[in-house]
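Engineer: Mapped onto the numbering used here, the consecutive letters of the sequence shown carry residue numbers 583 to 970.
It should be emphasised that the hints constitute simulated quantities derived from the structure, not laboratory data.
Cβ coordinates follow ideal geometry from the N, Cα and C atoms, glycine included.
Among the clues, some could well be false.
Subject to a maximum C-alpha distance of 16 Å in a straight line, what follows is the list of computed EDC-like cross-link-like pairs (lysine to aspartate or glutamate) [unchecked claim]: (1) 674 x 660; (2) 658 x 679; (3) 897 x 822; (4) 609 x 729; (5) 897 x 854; (6) 658 x 690; (7) 609 x 596; (8) 957 x 911; (9) 816 x 898; (10) 957 x 909; (11) 674 x 697; (12) 674 x 663; (13) 897 x 835; (14) 674 x 650; (15) 816 x 853; (16) 816 x 854; (17) 957 x 874; (18) 897 x 962.
Pair by pair, the computed Cβ-Cβ distance ranges are [stated by the list, open to error]: (19) 700 x 745: 38 to 48 Å; (20) 780 x 822: 31 to 41 Å; (21) 783 x 585: 18 to 28 Å; (22) 742 x 907: 53 to 63 Å; (23) 585 x 761: 19 to 29 Å; (24) 762 x 673: 38 to 48 Å; (25) 618 x 912: 54 to 64 Å.
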Amino acid sequence: MEPLASRLRPDRLETYVGQAHLVGAGKPLRVAIESKHLFSFILWGPPGVGKTTLARIYAGAVGAAFYELSAVSAGKSDIRDIVERDSGDVPKILFLDEIHRFNKAQQDFLLPFVETGRLSLIGATTENPSFEVIPALLSRARVFTLESLSADDLRTIVDRAAAHLDQALDPAARDRLIAIAGGDARSALALLESTVRLYGEVSVASLEQAAQSKHIRYDKNGEEHYNTVSAFIKSMRAGDADAAVYYLARMVDAGEDPLFIARRMVIFASEDVGLAQPTALVVANAVFRACETIGYPECGISLAHGAVYLAGCRKDRRAYDALRAAEADVRAHGNLPIPLSLRNAPTALMKELGYGKGYEKYPTGSLLPESLSTKRYVRDIPPEGNGV
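Construct the complete structure from the given sequences, taking the supplied hints into account.
Structural biologist: Quick look at the structure:
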């Protein structure tokens, strides 16, 4: 049977739900649809927010022949076949789902057809086009960003689907379905349909049973991966232990490699906590070791221990900043002569040349190369190297 999401797919803007910033009155895609303006564009957004539906509505409105391919399975021959088809005077639109899956050579092959107007391209992607689409193709297509559907958007879609299935949804069940879907209409409709088929009715309990295999959206090689770990690090940096544990839980729930998380914590201990609390590096390394020896699920507790501890630490980036400033001088000035007093003098000739001459075990002046002798990379080192 055709999936519920496909059966209920809108075919005009009047029944399309969400993305008001693109299809609301006076917004760019609505204007393009109403004026039948033909151009290439890329729809970038998370799964289940209406990218394919919007592409189909647009193609129907402008009167184009609509061809749909998935970059997962399509190749150059599929594109060539579409280009060579006779469509008379009707323009052709190629909808390429998951365009980020096309490699550079495949995108290069597509480029001249878009450039000459033989095809108008609508790409759909969950990944940032800036990283996944070649610049030449990107420059010929406008990028529209779609957002996760709001709870109100999903409520409209779910109520419409429940009526189609002749199901009554109580508010608690509907709210739970919306929460599980996480802004993804396709996920909401699939879960609703699955629950009805398995249990014959929709309740919080039946939804929970049907959703046991749900998996939070988290592409380990994609943008959501980097967004989540970025939020995790920034939460610890801000001292927000609650947020740090929440973003940690998202990564753990999605099956992120615990050693990846622990490595980020070791880096954070040196980069952000630094001299303010040197024991942070000890704790972070202990967490890393625990993840190595224990693994999931128990090492999640160690990760939480470390995240809460690091979030609560005072922060001091002086060591990190000092290293970066010194690196900048190394790149700018190259290998400046090391002062003679600091040079190793293993031979008599070297001693005659002054290597090691004047060396003091505990000197008071600068030991930097002469041209950098006034430089200060590390500011105000506290007594015993700790405290701020």
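Engineer: So, for every hint listed, does it hold in this structure?
Structural biologist: Comparing the hints with the structure gives:
As the CA atoms of residue 674 and residue 660 are separated by approximately 14 Å, the hinted pair is consistent with the 16 Å bound. In summary, the hint linking residue 658 to residue 679 is supported, as the alpha carbons are separated by about 15 Å, within the 16 Å threshold. Our distance criterion of 16 Å between C-alpha atoms is met by residue 897 and residue 822, whose separation comes to about 13 Å. A hinted pair counts as satisfied when its Cα atoms are at most 16 Å apart, and residue 609 with residue 729 qualifies at roughly 15 Å.
Taking the CA atoms of residue 897 and residue 854, the gap is near 5 Å; set against the 16 Å cutoff, the hint holds. As the CA atoms of residue 658 and residue 690 are separated by approximately 10 Å, the hinted pair is consistent with the 16 Å bound. For the hint pairing residue 609 with residue 596, the CA-to-CA distance comes to about 14 Å; that is within 16 Å, so the pair holds. A C-alpha spacing of about 10 Å is found between residue 957 and residue 911, which places the hinted pair at or below 16 Å, so the restraint holds.
Proximity of residue 816 to residue 898 is assessed by CA-CA distance (about 14 Å); at most 16 Å being required, the pair is judged to hold. Using a Cα cut-off of 16 Å, the hinted pair residue 957 and residue 909 holds, with the two alpha carbons roughly 13 Å apart. Between residue 674 and residue 697, the direct Cα distance comes to roughly 13 Å. Compliance with the 16 Å bound is thereby established for this hinted pair. For a cut-off of 16 Å, the pair hint linking residue 674 to residue 663 stands: about 12 Å separates their Cα positions.
Between the alpha carbons of residue 897 and residue 835 the distance comes to roughly 28 Å, so the proposed pair goes past 16 Å and is violated. Among the hinted pairs, residue 674 with residue 650 is consistent with the structure: their alpha-carbon atoms are about 11 Å apart, no more than 16 Å. Between residue 816 and residue 853 the alpha-carbon distance is near 12 Å, which keeps this suggested pair within the 16 Å criterion. Between residue 816 and residue 854 the alpha-carbon distance is near 10 Å, which keeps this suggested pair within the 16 Å criterion.
Only pairs whose Cα atoms come within 16 Å are accepted, and residue 957 paired with residue 874 is rejected, the gap being roughly 41 Å. The suggested pairing of residue 897 with residue 962 holds, with an alpha-carbon distance near 15 Å, which does not exceed 16 Å. Separated by about 43 Å at the C-beta atoms, residue 700 and residue 745 satisfy the suggested range of 38 to 48 Å. For the pair residue 780 and residue 822, the beta carbons lie near 40 Å from each other, so the given range of 31 to 41 Å is met.
In this structure the hint that residue 783 and residue 585 lie 18 to 28 Å apart at CB holds, the actual value being about 20 Å. In this structure the supplied range 53 to 63 Å holds for residue 742 paired with residue 907, their Cβ-Cβ distance being about 59 Å. Between residue 585 and residue 761 the C-beta distance comes to about 22 Å, which sits within the given range of 19 to 29 Å. Checked against the given bound of 38 to 48 Å, the beta carbons of residue 762 and residue 673, roughly 41 Å apart, stay inside it.
Residue 618 and residue 912 have their C-beta atoms about 60 Å apart, which keeps the hinted 54 to 64 Å range intact.
Consistency with the previously given hints fails for numbers 13, 17, ordered from lowest to highest.
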